[in-house]
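Number of protein chains: 2
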Amino acid sequence: MFSVMRSVVELFGYEEYDAPIIEPLEIYLAKSGEEIVNEQTYTFEDRGRRKVALRPEMTPSVSRMVAARRQELSYPLRWYSIPNLWRYERPQNGRLREHWQLNVDIFGVEDLSAEIEIIQIANQIMVALGAKSDMYKIKINSRLMMEMVLGDYVGIAPEKHKAINHLIDRKHKMESSEFDEAAKEVLGENPESSSSLTKLNEVLTKGSLSDLPERAKLLPNFLRLEKLINALKQAGIENVEFDPTVVRGLDYYTDIVFEIYDNHPDNNRSMFGGGRYDGLVGLFGVEPVPTVGFGMGDVTMKNFLELHNLVPTLKPETEIYVIMIEDVSEHAHAVVSGLRDNGVKVAVDWMSRKTDKAIKTAVKKQVPFVLFIGHREVNDRLYTLKELASGQEQKLTIDQIVELIKKSRN
Amino acid sequence: MFSVMRSVVELFGYEEYDAPIIEPLEIYLAKSGEEIVNEQTYTFEDRGRRKVALRPEMTPSVSRMVAARRQELSYPLRWYSIPNLWRYERPQNGRLREHWQLNVDIFGVEDLSAEIEIIQIANQIMVALGAKSDMYKIKINSRLMMEMVLGDYVGIAPEKHKAINHLIDRKHKMESSEFDEAAKEVLGENPESSSSLTKLNEVLTKGSLSDLPERAKLLPNFLRLEKLINALKQAGIENVEFDPTVVRGLDYYTDIVFEIYDNHPDNNRSMFGGGRYDGLVGLFGVEPVPTVGFGMGDVTMKNFLELHNLVPTLKPETEIYVIMIEDVSEHAHAVVSGLRDNGVKVAVDWMSRKTDKAIKTAVKKQVPFVLFIGHREVNDRLYTLKELASGQEQKLTIDQIVELIKKSRN
Numbered sequence: 001m002f003s004v005m006r007s008v009v010e011l012f013g014y015e016e017y018d019a020p021i022i023e024p025l026e027i028y029l030a031k032s033g034e035e036i037v038n039e040q041t042y043t044f045e046d047r048g049r050r051k052v053a054l055r056p057e058m059t060p061s062v063s064r065m066v067a068a069r070r071q072e073l074s075y076p077l078r079w080y081s082i083p084n085l086w087r088y089e090r091p092q093n094g095r096l097r098e099h100w101q102l103n104v105d106i107f108g109v110e111d112l113s114a115e116i117e118i119i120q121i122a123n124q125i126m127v128a129l130g131a132k133s134d135m136y137k138i139k140i141n142s143r144l145m146m147e148m149v150l151g152d153y154v155g156i157a158p159e160k161h162k163a164i165n166h167l168i169d170r171k172h173k174m175e176s177s178e179f180d181e182a183a184k185e186v187l188g189e190n191p192e193s194s195s196s197l198t199k200l201n202e203v204l205t206k207g208s209l210s211d212l213p214e215r216a217k218l219l220p221n222f223l224r225l226e227k228l229i230n231a232l233k234q235a236g237i238e239n240v241e242f243d244p245t246v247v248r249g250l251d252y253y254t255d256i257v258f259e260i261y262d263n264h265p266d267n268n269r270s271m272f273g274g275g276r277y278d279g280l281v282g283l284f285g286v287e288p289v290p291t292v293g294f295g296m297g298d299v300t301m302k303n304f305l306e307l308h309n310l311v312p313t314l315k316p317e318t319e320i321y322v323i324m325i326e327d328v329s330e331h332a333h334a335v336v337s338g339l340r341d342n343g344v345k346v347a348v349d350w351m352s353r354k355t356d357k358a359i360k361t362a363v364k365k366q367v368p369f370v371l372f373i374g375h376r377e378v379n380d381r382l383y384t385l386k387e388l389a390s391g392q393e394q395k396l397t398i399d400q401i402v403e404l405i406k407k408s409r410n
Numbered sequence: 001m002f003s004v005m006r007s008v009v010e011l012f013g014y015e016e017y018d019a020p021i022i023e024p025l026e027i028y029l030a031k032s033g034e035e036i037v038n039e040q041t042y043t044f045e046d047r048g049r050r051k052v053a054l055r056p057e058m059t060p061s062v063s064r065m066v067a068a069r070r071q072e073l074s075y076p077l078r079w080y081s082i083p084n085l086w087r088y089e090r091p092q093n094g095r096l097r098e099h100w101q102l103n104v105d106i107f108g109v110e111d112l113s114a115e116i117e118i119i120q121i122a123n124q125i126m127v128a129l130g131a132k133s134d135m136y137k138i139k140i141n142s143r144l145m146m147e148m149v150l151g152d153y154v155g156i157a158p159e160k161h162k163a164i165n166h167l168i169d170r171k172h173k174m175e176s177s178e179f180d181e182a183a184k185e186v187l188g189e190n191p192e193s194s195s196s197l198t199k200l201n202e203v204l205t206k207g208s209l210s211d212l213p214e215r216a217k218l219l220p221n222f223l224r225l226e227k228l229i230n231a232l233k234q235a236g237i238e239n240v241e242f243d244p245t246v247v248r249g250l251d252y253y254t255d256i257v258f259e260i261y262d263n264h265p266d267n268n269r270s271m272f273g274g275g276r277y278d279g280l281v282g283l284f285g286v287e288p289v290p291t292v293g294f295g296m297g298d299v300t301m302k303n304f305l306e307l308h309n310l311v312p313t314l315k316p317e318t319e320i321y322v323i324m325i326e327d328v329s330e331h332a333h334a335v336v337s338g339l340r341d342n343g344v345k346v347a348v349d350w351m352s353r354k355t356d357k358a359i360k361t362a363v364k365k366q367v368p369f370v371l372f373i374g375h376r377e378v379n380d381r382l383y384t385l386k387e388l389a390s391g392q393e394q395k396l397t398i399d400q401i402v403e404l405i406k407k408s409r410n
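Taken in order, these protein sequences are the chains called A and B.
Residue numbers for the first sequence, in my numbering: 1 to 410.
Residue numbers for the second sequence, in my numbering: 1 to 410.
Keep in mind that the hints were calculated from the coordinates and are not lab data.
Computed from a predicted model, the values in this text were never measured in an experiment.
Each hint should be verified, as a subset may be incorrect.
[What the hints assert, rightly or not] Pairs of lysine to any residue, SDA-like flavour, derived with a Cα cap of 25 Å: (1) Lys364(A) - Gln71(B); (2) Lys139(B) - Ser329(A); (3) Lys315(B) - Trp100(B); (4) Lys51(B) - Asp46(A); (5) Lys137(A) - Glu238(B); (6) Lys233(B) - Asp46(A); (7) Lys357(B) - Met65(A); (8) Lys51(B) - Arg49(A); (9) Lys315(A) - Met148(B).
[Unchecked claim] Take a look, some chain A residues computed to stay more than 10 Å from chain B by CB distance: (10) Asp111; (11) Lys173; (12) Pro191; (13) Arg269; (14) Val344; (15) Lys364; (16) Lys395; (17) Thr397.
The C-beta atom is built at its ideal place from N, Cα and C for all residues, glycine as well.
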């Protein structure tokens, strides 16, 4: 899975970077949103009594790194990483969970080209993993447009937008009555609240940009969003759609956000996503750098591949398991070296035990071939190669074995 | 460097494993030796008030993992990993240093074949990294044999062996008078101390097995060591030698230990090593499992490669940098996709800036080719490809570009 990710992002010119796994807690407090920092982050004091955290996400780290070298880096800067991240489970569980996440970011591009490229990469990885376009959807929204719609059309005061956004982000996990209750609480007691709630629900059920209120269509961010969706369709990505409920849980996104949804009936939910966050690098005391990126976790992707029967069958790396039917260790070394020098991956059973036990081990390890070596084999320089799947045995020279293994790779 | 390591260990049939980076402190206290745990390990309390550590080494983790699945695993078990490890610098410095280390272990083999295989792998990696046999030495010793020599011949009481071993391990970093002082302190005030010190220094300067005292030569571990060195020489590894001062700092080794020494006059020291540790798995409450392994750190290896001029020149992954000389973004997407679909790694300059600035970026990023696209190029379907090193420019179709890039890879 990671090798597929790597090969796709490198086709797009991205370079790998690495970052520390322990960071000062402050870098997450600024913009990640409260939930992720307070409830899900593993924090502790280091020996110098500083509050530090095992990184729960990569975006603040990479932003800090870009900020530190802002002048010397050349843009567009394309960086990716597959870091391990940690999530601390809620107290009743208390486990520390390590997981991996591909992070892909482009720095320095204000233009919509950055969003197009980033979403193309996300889509290309899905395709490379074997997903068909009817298995998933790419849902896109503009936070800036939504902010204007929430304020101007729905009538929600700006200071309540953050709370409403967090609520919208969780909408899919709630009953509609539950959502309404929570929204009423945020909107507060005032004469317009009930009409706002009606309008909010109306806006959030719009399935296409053309259904939005007419005045929304005049907003520059509406046009930007429309242009993005059209450009992606033109680039052959059919399963792109506008979704007003996509806002992303993290506070640092500034405009376009997107999520990749699983269409499978048993897993109808967001798998991963990203968006534009032009402000984060600037938080580290330098001029801001426009940025678009996404993160793609290993756990949700594994789940997707399993549900859609896309998990590739893993072949073991080892190709030949060598078993000595008599004690010929000293000669076996030369045979084995001869194979390895030709790139054949060989494991030797050094256990001085009965042959059938050794064969069982080879079967358990799923090594495709077994090679038997005894005194006669050493004398004749002809070794017995057995293909475990077919049971077929042949007496072969080292050169012939190498040739056969190389053929069997295709 | 890591990809070379990976390819070698997989030739020997090793499979990759992964382990948690935070472990309960106890697993290091048992057998790692005091220095590594007390002074160099980064420890803290987790939320459940347990003492935990950022792993300073991998061996205790892998031993615990094998112990937990002792029954279901099949032997010989060949495992490798390239974990990140942490070392906490002494208080005056106070930094936390992350580094990487290849760890290779074979479990379940009592026979000397395990040592032969493990040392062959260590040597094979050196060879694959470009090292010649005169650049480094493989120094081997047997802890059990040394223990008997220290007790029986030198006359040191068994309870002092651990302290003497730690001292011998640091001998290379000390003046000989300093070593003598420290040794006297360990030996204590008794009539035999001075004769013991003389004998100790005599034994520690022996350069070959045949120079050891006659009664040492009757020990079974002497014969084992001799057999190992002969087997390695027979396998074509010429730069193997016995060294009585090789004892390894970690307490868990039980018999054969080895170290790879840099022969470079500016860096005449041990780079990495390993040995047999048959007792560690058994510490986790199961029957012991014979084990031989080694660890190879990135920092010392990088140092070695630099000193010996073996660092490979790193080519950037990206092959073409696309620059639009006019605003043709919409068409550029198709051109770029055409290249990527054929496996060419392409980065696009989405900066809408002057061409010479974009070229500077390509040069800085060391991308070998620049592709210019403007209106005429889009119309003619002929794009200008410039090789930056030679300055040579050609007008080519996408197919021709793909062909040229593929040729340029060799």
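Verification of the supplied hints:
1. Lys364(A) - Gln71(B): The hint holds at about 13 Å.
2. Lys139(B) - Ser329(A): Distance of about 23 Å is within 25 Å: holds.
3. Lys315(B) - Trp100(B): Judged against 25 Å, a Cα distance of about 22 Å means the pair holds.
4. Lys51(B) - Asp46(A): Distance of about 13 Å is within 25 Å: holds.
5. Lys137(A) - Glu238(B): violated (61 Å)
6. Lys233(B) - Asp46(A): Violated, at roughly 49 Å.
7. Lys357(B) - Met65(A): This hinted pair holds, its Cα atoms lying about 24 Å apart.
8. Lys51(B) - Arg49(A): Distance ~16 Å between Lys51(B) and Arg49(A) Cα, so the pair holds.
9. Lys315(A) - Met148(B): violated (47 Å)
10. Asp111: violated (6 Å)
11. Lys173: It holds; Lys173(A) is separated from chain B by about 26 Å at its closest Cβ, greater than 10 Å.
12. Pro191: holds (46 Å)
13. Arg269: Fine: 27 Å to the nearest Cβ keeps Arg269(A) off the interface.
14. Val344: violated (8 Å)
15. Lys364: Nearest chain B Cβ is 5 Å from Lys364(A), so the label is violated.
16. Lys395: holds (23 Å)
17. Thr397: Check passes; 20 Å lies beyond 10 Å.
Violation of the numbered hints given earlier is confined to hints 5, 6, 9, 10, 14, 15; the remaining hints are satisfied by the structure.
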